[in-house]
Amino acid sequence: MAAVRVLSRRTVKPPARARERIPLTSWDVSFLSAEYIQKGLLFSSVEGNKQLLLVDHLADALTDALATYYPVAGRFATEQHLQDKEKVVGCSVYIDCDGQGVEMVHAVADGVAIADVIPPDTDVPRVVQSFFPLDGAVNYDAHELPLFVVQVTELQDGVFVGFGYNHALSDGTAFWDFINTWAEIARAKLSPPCSARTTTPLFQRWSPDPAAPVVLPYADASELIERPTPRALRERMLHFSAESLAALKERAREELLAAGDTAAVTKFQALSSLLWRSITRARLMAPEQETVCRVAINNRGRLRPPLPTEYFGNSIYAISTVPVRAADLLQRGHGWAAAAVGRAVAAHTDADIRARVEAWTAKPIVYTQRFFDPNGIMMGSSPRFDMYACDFGWGKPLAARSGKANKFDGKTSLYPGREGGGSIDAEVVLSPEHMALLEQDHEFWAAVTPDAPPPAKTD
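Mapping of the sequence shown onto the working numbering: position 382 corresponds to residue 636, and the numbering continues sequentially without gaps.
These are calculated hints, taken from the structure and not from any lab test.
With beta-carbon atoms standing in for the labels, derived distance ranges:
#1 K267 to D364: 27 to 33 Å
#2 K267 to L307: 17 to 23 Å
#3 A540 to T322: 50 to 56 Å
#4 L691 to D364: 32 to 38 Å
#5 L336 to V362: 48 to 54 Å
#6 T322 to D705: 35 to 41 Å
Pairs of lysine-lysine residues, derived as DSS-like cross-links and limited to a Cα-Cα distance of at most 25 Å, are as follows:
#7 K341 to K617
#8 K650 to K443
#9 K503 to K521
#10 K443 to K267
Where a beta carbon is used, it is the ideal one built from N, C-alpha and C, also for glycine.
Construct the complete structure from the given sequences, taking the supplied hints into account.
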């Protein structure tokens, strides 16, 4: 396939406003060494003359979105803390909201069609990675780079809109709120006098002690940054219908009842159990080797008092099941593993969140891939993110995909299924040898729903 050609670049800025600085919290700072979020949406072609004005239309709507989400157009800056006005004893990072702007890239992928981007029942094609900006950039780099870059890539019969978004700025909940607000504004501009419904994000950062800035015990946060090493990986986007997930949930419930356990089971727990046990089998782990299932979890509703859903920033942690021997995980069954995930989620309370913040404050760290157990799995993203509501004015997306950032063996990202109804798409990333063995796992594939043909365009 032909390489992606960049046609133009432009800076998109919000309307002028007073300069402001927003401090990063412990939740934000811990992401400085991670790569940018790379998520994107595939659309059918824009019809007629609208194709020629596509980038102008998106840029115009983005300007309006940035008027509300003005921190997205800022940059990171570092403030040093001095002792006796001379000795540097630490530093803090904040968002410098001075309207520096975001970047929009217009590109074309010659000879690439929708069918090449979402082929059925196979790996995610490598060409998808070329639809995303900011490859290799880590969040700390926003001292110089934009916090948000969008790449609009024209295909033979479609358009791919790829986002590069700084994860130290916010988590996925706030990110998708921003993208949906942008899409609503864009859609309203094509359907006057319809007005867009815009959210009101809350930019005031949460901290147990709001008066105390987060201070890293270093002269500059760059001392903590580690660049990820590229790895050979395969990734597949696997679909689980609502019916398949209901069957997985019921199977887990029946196994638990047979063991005298009346614990409730969710679809998420059941799917996590399937992935955890199947990937453990595919890794051919030693029976005595311990493994865990980690889950990215939203803190907003678990704090007391809870944070508003509109909180703009990071409010997530990676929680973990209790370590279990590989042999025991496989022998105890699907229901036991689902319940283990449920216990980890239930244990993540207001007290647990505050204890984690206190521990981080006593010993600040930034997370790198070294913190993830190579014998465990990691469940990221969320089927609750309203990706398919992102209609920029020419129909809902055909598919959601991601770039190569923040991927490693055992990482699974969950997306809502396009048809809705509680279905889920799971983006499974494994080493080539582990993926080859997973593809031979009959228990796993019995739960996977075969891919349907790409949906026809909807207006």
